[in-house]
Amino acid sequence: MKLRPWFLVVVALAALGLLAAPQLILSAPRETTMGLVQKIFYYHVPSAWICFLSAFVCAAGSAMYLFKSSEAGDRLAVSAAELTVLFGSCMLVTGPLWGRKAWGVYWVWDVRLTTALLLFIIFIAYLFARRYGGPGSRKLCAGLALFGAADVPLIYFSVSIWRTIHPKTTVVSSLGRGMGIPFAFSMLTFTILYIALLEMRMALERARARVDELHIEAEDAGLEN
Amino acid sequence: MPDWKTDMKRIFVILFFAFFLGGAALAQEAPKKDAEGFEAVNGDMMQSGESIPGSRLVGAAYGFICFAMVVWVASVARRARRLEDEVDELKKKLAR
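First to last, the sequence lines map onto chains Z and W. With my numbering applied, the first sequence closes on residue 443, and no number is skipped along the way. With my numbering applied, the second sequence closes on residue 1237, and no number is skipped along the way.
Derived by calculation from the structure, the hints in this document are not laboratory data. Hints may contain errors.
Claimed, not checked - List time: in silico DMTMM-like cross-link candidates among lysine to aspartate or glutamate, alpha-carbon distance up to 25 Å:
id, chain 1, residue 1, chain 2, residue 2
1, W, K1233, Z, D328
2, W, K1232, Z, D369
3, W, K1234, Z, E442
4, W, K1234, Z, E431
5, W, K1232, Z, E249
Chain W extracted, bound-state conformation (with noise of 0.2 Å):
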């Protein structure tokens, strides 16, 4: 196999797991009392006659930022291998 599919696979499973650990993180939220005099608050801080809650909006950016990043590296490694057997092909065409 040659050396960018492997780099491209790694490159893919660290991406992957970065952002998926992540998220993880980010659902198992507790809020925590700070020292800066900023206000401690529990729940969504959700508004009368709002109906989407915080949590929901920061889930969803959160996860385009990962699907975006997901889909562009994926998109970038199956150029490479076009390429990748483009080269083939030509140096094939000149061994001959």
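Isolated chain Z (complex conformation) (with noise of 0.2 Å):
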């Protein structure tokens, strides 16, 4: 598997990043009513924003494919599917963990929660029909990247659209210095983090489609059936 160049060199910050976030956030000031689990915000907040970038990647790249034909952008659309699931995972469990101190329940069949949850499905589904969908599933599966990504800013506005028990998207530029550094430093993190896991997949998809081809070279040497 062939990493680019530059992959150690992300790896390294977003490991100084994960080992200088958790100071910081401890130095933050603690939350006058939740206390300290409001800590889990500067981990919750880039899991999802991680998890709507990567949607956006996934349908970006489906889109590529869908339009241009391109292996690369298909390469790139299940990559950023199966990290959209794993920090959509990151999400949907560190949000209810805050929300039981919070509201005093894990889980609300609210607007914002149930379109998140909707958004994770979509990509799950994505990931089952890349595997076991047989032919022609790859650009059923750029729709529905496309669609899956339509849910985002529909997850993003719908606490300012409905009536939602939900923070509202104003308090992230509500918080203050001491609050609002942490915050991006974990924002900056998790993107570079994000950045790291995506060639690392990608690399993984690169080297599939290398034994694809070599799977071809032998069927026409006669090799394989």
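Join the two chains into one complex using the hints; note that each chain is given alone, in its own frame.
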């Protein structure tokens, strides 16, 4: 599996960020009404941000595949879809843990939570269809990815449109320096980590494409049926 | 040993230590006084009737993220190993 030359630099930056982020988060002021549990915010929001970003990356790759038959686009899409599920699971686990303390329950069928769960399910469906869908599933999945990405604005704006228990998006812009700096650092660290993980997953797809080429060569040479 | 195996091991070790050293730092929190109007408090602010301490929920959230990342990286490494074996086998076939 061949990784790009910049990959180890990105991994090192992500590791440094992951080491420094807890220190910054701990030094951030403790929120008055929720106390310590509010610190989940510094992991929950970046997980959600990366989940949404990854859904858009997957949609972009899928569009490249659908409209330009780009194999690289397809590789990008499947890699990003897996990361959407990974960070989506982080978002959907850390959120209820925070909610348990803030709201008294792990889960409510609130529009923000429900649409976020829907996004997660769509990308789980994407991965299942890719794995078991057989020939033609790549185009089907590309369409599904575009459909999934369309859910992201709905999730983001849901708190502004409907009455919901979930905090509004304005909470981020209202953070003071004490909470804002650790939050921004955490967002940056997760973004760098995402770039590293995406490259790692894409390297796997490139290796898979190479294996397919070798299978074709072996078939042409009469070595395989 | 092929290059990717060495790379995967390095990535695995770096991520493992980054997450778990971060987790250790999280366990050593000391409340700090700030100058921005946030109210400094001691303890967990557990309300009456509340049974789960906030520190446990924060630990569970951080722990889950560490676990998910490590499992995913291990899964990619396992899949890469399988592909590498397949490439070796195909190259041998083609060389004959």
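Verification of the supplied hints:
Distance check on the hinted pair: K1233 (chain W) and D328 (chain Z) sit about 57 Å apart at the alpha-carbon level, beyond 25 Å; violated. A hinted pair counts as satisfied when its Cα atoms are at most 25 Å apart, and K1232 (chain W) with D369 (chain Z) does not qualify at roughly 44 Å. With a C-alpha separation of about 9 Å, the suggested pair K1234 (chain W) and E442 (chain Z) falls inside the 25 Å cut-off, and the hint holds. Restraint check for K1234 (chain W) and E431 (chain Z): the C-alpha separation of about 14 Å stays at or below 25 Å, so the hint holds.
Using a Cα cut-off of 25 Å, the hinted pair K1232 (chain W) and E249 (chain Z) is violated, with the two alpha carbons roughly 60 Å apart.
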